[in-house]
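Respectively, the protein sequence lines represent chains R and G. When the letters of the first sequence are read in order and numbered with the working numbering, they come out as residues 70 to 455. When the letters of the second sequence are read in order and numbered with the working numbering, they come out as residues 70 to 455.
Treat the hints as calculated values from the structure; they're not laboratory data. Small disclaimer: the values here were computed from a predicted structure and weren't measured. Glycine included, each C-beta is placed from N, C-alpha and C at the ideal position. The reader is advised that the hints may include incorrect statements.
Beyond 10 Å from chain R on every Cβ pair, some chain G residues (computed) [as the list claims (entries may be wrong)]:
| id | residue |
| --- | --- |
| 1 | Gly105 |
| 2 | Glu126 |
| 3 | Ser140 |
| 4 | Gly299 |
| 5 | Gly322 |
| 6 | Glu346 |
| 7 | Asp386 |
| 8 | Pro387 |
| 9 | Glu388 |
Each pair of labels, with its calculated beta carbon distance range [unchecked claim]:
| id | chain 1 | residue 1 | chain 2 | residue 2 | range |
| --- | --- | --- | --- | --- | --- |
| 10 | R | Glu92 | G | Gly105 | 54 to 62 Å |
| 11 | G | Ala109 | R | Pro94 | 55 to 63 Å |
| 12 | G | Gly146 | R | Pro94 | 56 to 64 Å |
Protein chains: 2
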Amino acid sequence: MPDTQQGMRRRNLARVMHAVSAEGPLSRAAVASRIGLTRAAVSTLVDELIRSGLLEELGPERPGRVGRPGSALAVSGRGPAGIGAEIGVDHLAVCAVDLRGRTRAQVVRYGANRGRAPEPVIAELSSLVREVVAEAESEGLWPAGLAVAVPGLVARDARTVVRAPNLDWHDTDLGALLPEDFPLTVGNEANFGALAELWLGDGTPHDFLHVSAEIGIGAALVVDGQLLRGTRGFAGELGHVPVRPDGPRCPCGGRGCLEQYAGEEAVLRAAGLEQGEDRVGLLAQHAADGDEDVRDALREAGEALGIALTGAVNLLDPEGVVLGGALAGLAPWLLPSLRDELARRTAGQACPVSVSRLGSQGPLLGAAHSVVRAVLDDPSVVGERA
Amino acid sequence: MPDTQQGMRRRNLARVMHAVSAEGPLSRAAVASRIGLTRAAVSTLVDELIRSGLLEELGPERPGRVGRPGSALAVSGRGPAGIGAEIGVDHLAVCAVDLRGRTRAQVVRYGANRGRAPEPVIAELSSLVREVVAEAESEGLWPAGLAVAVPGLVARDARTVVRAPNLDWHDTDLGALLPEDFPLTVGNEANFGALAELWLGDGTPHDFLHVSAEIGIGAALVVDGQLLRGTRGFAGELGHVPVRPDGPRCPCGGRGCLEQYAGEEAVLRAAGLEQGEDRVGLLAQHAADGDEDVRDALREAGEALGIALTGAVNLLDPEGVVLGGALAGLAPWLLPSLRDELARRTAGQACPVSVSRLGSQGPLLGAAHSVVRAVLDDPSVVGERA
Numbered sequence: 070m071p072d073t074q075q076g077m078r079r080r081n082l083a084r085v086m087h088a089v090s091a092e093g094p095l096s097r098a099a100v101a102s103r104i105g106l107t108r109a110a111v112s113t114l115v116d117e118l119i120r121s122g123l124l125e126e127l128g129p130e131r132p133g134r135v136g137r138p139g140s141a142l143a144v145s146g147r148g149p150a151g152i153g154a155e156i157g158v159d160h161l162a163v164c165a166v167d168l169r170g171r172t173r174a175q176v177v178r179y180g181a182n183r184g185r186a187p188e189p190v191i192a193e194l195s196s197l198v199r200e201v202v203a204e205a206e207s208e209g210l211w212p213a214g215l216a217v218a219v220p221g222l223v224a225r226d227a228r229t230v231v232r233a234p235n236l237d238w239h240d241t242d243l244g245a246l247l248p249e250d251f252p253l254t255v256g257n258e259a260n261f262g263a264l265a266e267l268w269l270g271d272g273t274p275h276d277f278l279h280v281s282a283e284i285g286i287g288a289a290l291v292v293d294g295q296l297l298r299g300t301r302g303f304a305g306e307l308g309h310v311p312v313r314p315d316g317p318r319c320p321c322g323g324r325g326c327l328e329q330y331a332g333e334e335a336v337l338r339a340a341g342l343e344q345g346e347d348r349v350g351l352l353a354q355h356a357a358d359g360d361e362d363v364r365d366a367l368r369e370a371g372e373a374l375g376i377a378l379t380g381a382v383n384l385l386d387p388e389g390v391v392l393g394g395a396l397a398g399l400a401p402w403l404l405p406s407l408r409d410e411l412a413r414r415t416a417g418q419a420c421p422v423s424v425s426r427l428g429s430q431g432p433l434l435g436a437a438h439s440v441v442r443a444v445l446d447d448p449s450v451v452g453e454r455a
Numbered sequence: 070m071p072d073t074q075q076g077m078r079r080r081n082l083a084r085v086m087h088a089v090s091a092e093g094p095l096s097r098a099a100v101a102s103r104i105g106l107t108r109a110a111v112s113t114l115v116d117e118l119i120r121s122g123l124l125e126e127l128g129p130e131r132p133g134r135v136g137r138p139g140s141a142l143a144v145s146g147r148g149p150a151g152i153g154a155e156i157g158v159d160h161l162a163v164c165a166v167d168l169r170g171r172t173r174a175q176v177v178r179y180g181a182n183r184g185r186a187p188e189p190v191i192a193e194l195s196s197l198v199r200e201v202v203a204e205a206e207s208e209g210l211w212p213a214g215l216a217v218a219v220p221g222l223v224a225r226d227a228r229t230v231v232r233a234p235n236l237d238w239h240d241t242d243l244g245a246l247l248p249e250d251f252p253l254t255v256g257n258e259a260n261f262g263a264l265a266e267l268w269l270g271d272g273t274p275h276d277f278l279h280v281s282a283e284i285g286i287g288a289a290l291v292v293d294g295q296l297l298r299g300t301r302g303f304a305g306e307l308g309h310v311p312v313r314p315d316g317p318r319c320p321c322g323g324r325g326c327l328e329q330y331a332g333e334e335a336v337l338r339a340a341g342l343e344q345g346e347d348r349v350g351l352l353a354q355h356a357a358d359g360d361e362d363v364r365d366a367l368r369e370a371g372e373a374l375g376i377a378l379t380g381a382v383n384l385l386d387p388e389g390v391v392l393g394g395a396l397a398g399l400a401p402w403l404l405p406s407l408r409d410e411l412a413r414r415t416a417g418q419a420c421p422v423s424v425s426r427l428g429s430q431g432p433l434l435g436a437a438h439s440v441v442r443a444v445l446d447d448p449s450v451v452g453e454r455a
């Protein structure tokens, strides 16, 4: 693509949106000084963004300042919204987030999805999406897109679930099953969880490894504020990093993979507990009650995580590691042995390990915010639609 | 930085250079159609590049075509050159590469650098640099910059060698020791080797893991045509990925790191050979002669590489793995067990493993070409200098 006036205008629209989003309300003059363009150029861009419903004027700034009062600009609390959805092993969830980043509607439905065919699950999810969209529309919002988080590998077409072993889905084109009323993006839940951490986390670095778990163990790499997706979109398979190369066989074909030591099923087995629906809650409850078998099992899972993360940290040199998803709830019992192992093996250069504040909400929020971010990053897409 | 006319002009100068570099000689009209700008706009850009000495006119195109003959443009074979240098454990090398990518001068000096203080090594390297620069200048070239490949971790300032265990250098600021006649970049040898593979390799993918070895084992990740450097610039430490977590102690503080199984010293020890100067040549000679102890040692090193690479492939999902540097020379004996291990552990999704054609020349060429690429990517820097 040639670098043209048109391309420059699109990038500058994004710069205005990001400035107002990060620091607003701001006057036109303040935006101009933030992004280094003339006030006249900014005014043209702002007028276009107001016409598209992405910015709104709050009226004249408070008096008492020098010069003619400017009108403060804010990101619109009406207009486009991001719709996020999550297909979990034990639940479905949908939410709507406005351009200001506020969650404006949310529904969750519990119930096992493992082993169900994709069609009825997606039909149920679609009805939840309609419910959330209707609620958002009643508040003056309209859906700019739908992003769906799934516990599995997603092809780079961002539609096809290549493999979701814990749902037992293979090569499932969600694009064919979901309504086509607005743009669709399907992504791995660990990836969306990592994006949520990047965008919403407190002081999260821009280069980090986000580790999460539901039944499997997934990870996502954020490098310089961008997800590293891999050639096929499969990057982040921390669960299949070999921890003990002669260890137990793994369904992936390998031996001694991390999931054989730190996956939920392995931990439940080591702790002598039954498989059930709220597996993480069960483990956390027993550990909090002082059950030594459960604590030992979690300590050993932490060790295995520490060994696998030593490899990942050596390869990637991230600024930090964040434990999210189900792992966040088990962190008090995983972290001590995980940190010990990592510190011992990376002599004095230990990478800091923190726990996500977002916990199991991360993937859903990451999905919805990814739609919002796409609008902020290229407001002209919405302008052309509106 | 605001997105301005000036920024657009710089990017378009780069687009012209890359078009002529990749497909030249080209007429102005052909460049315009390649990059999607008007012929008038391209002419202005081309005139500027000719004045800076980056492009040259080859004279009118051959007659017989329709319309007024255009003058074909080519990347200049005079003008700026990239100077590359390599500090190896057993050698020093310097070369000059012109904008057309041809090596125009090269010197190599063999001799152990292990345990020598940085000052005399850099003094020797500087005299080799002067020699190569003088030779390049006699052909009408002038040095646009110097890039130095070192076998160790380099800080993000691209001057300071934080740790080069096999030279026994620590926190050494090469910027203070080298002549300041032109811009300096210091980088890890595995990183420069990977860039050489990216730019000069035959059909090398744009997402790959490049594994090389001198005494240690290093790797470099190229993602979408860009090096992944890590937060501190230390990414790619494949040599310290745990292979057997209870294995032998490693000087890094860990246990059972890859280097304990596949580093040159470990392989020599396992093969019952003495440490010497041309360690790789010695191993290759014995293996070629059918020495079973050496072949077993290399087979086991290949297995360990396969285990460590399984983790890396699961985390990064690269399009391929390339063995370069010293490993390229040992590939016939490493590859079978390496590929077996990787294939078995990544069931049916095995990532292709290939061997670099550049071998031990990679880091030096990568360094010199990185200077050339910097000029192609932002020709205005040279324009302002000239």
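Against the structure, the hints come out as follows:
no.	hint	result
1	Gly105	3 Å, violated
2	Glu126	23 Å, holds
3	Ser140	23 Å, holds
4	Gly299	3 Å, violated
5	Gly322	3 Å, violated
6	Glu346	29 Å, holds
7	Asp386	3 Å, violated
8	Pro387	6 Å, violated
9	Glu388	4 Å, violated
10	Glu92/R - Gly105/G: 54 to 62 Å	36 Å, violated
11	Ala109/G - Pro94/R: 55 to 63 Å	44 Å, violated
12	Gly146/G - Pro94/R: 56 to 64 Å	57 Å, holds
When held up to the earlier numbered hints, the structure conflicts with 1, 4, 5, 7, 8, 9, 10, 11 and fits the remainder.
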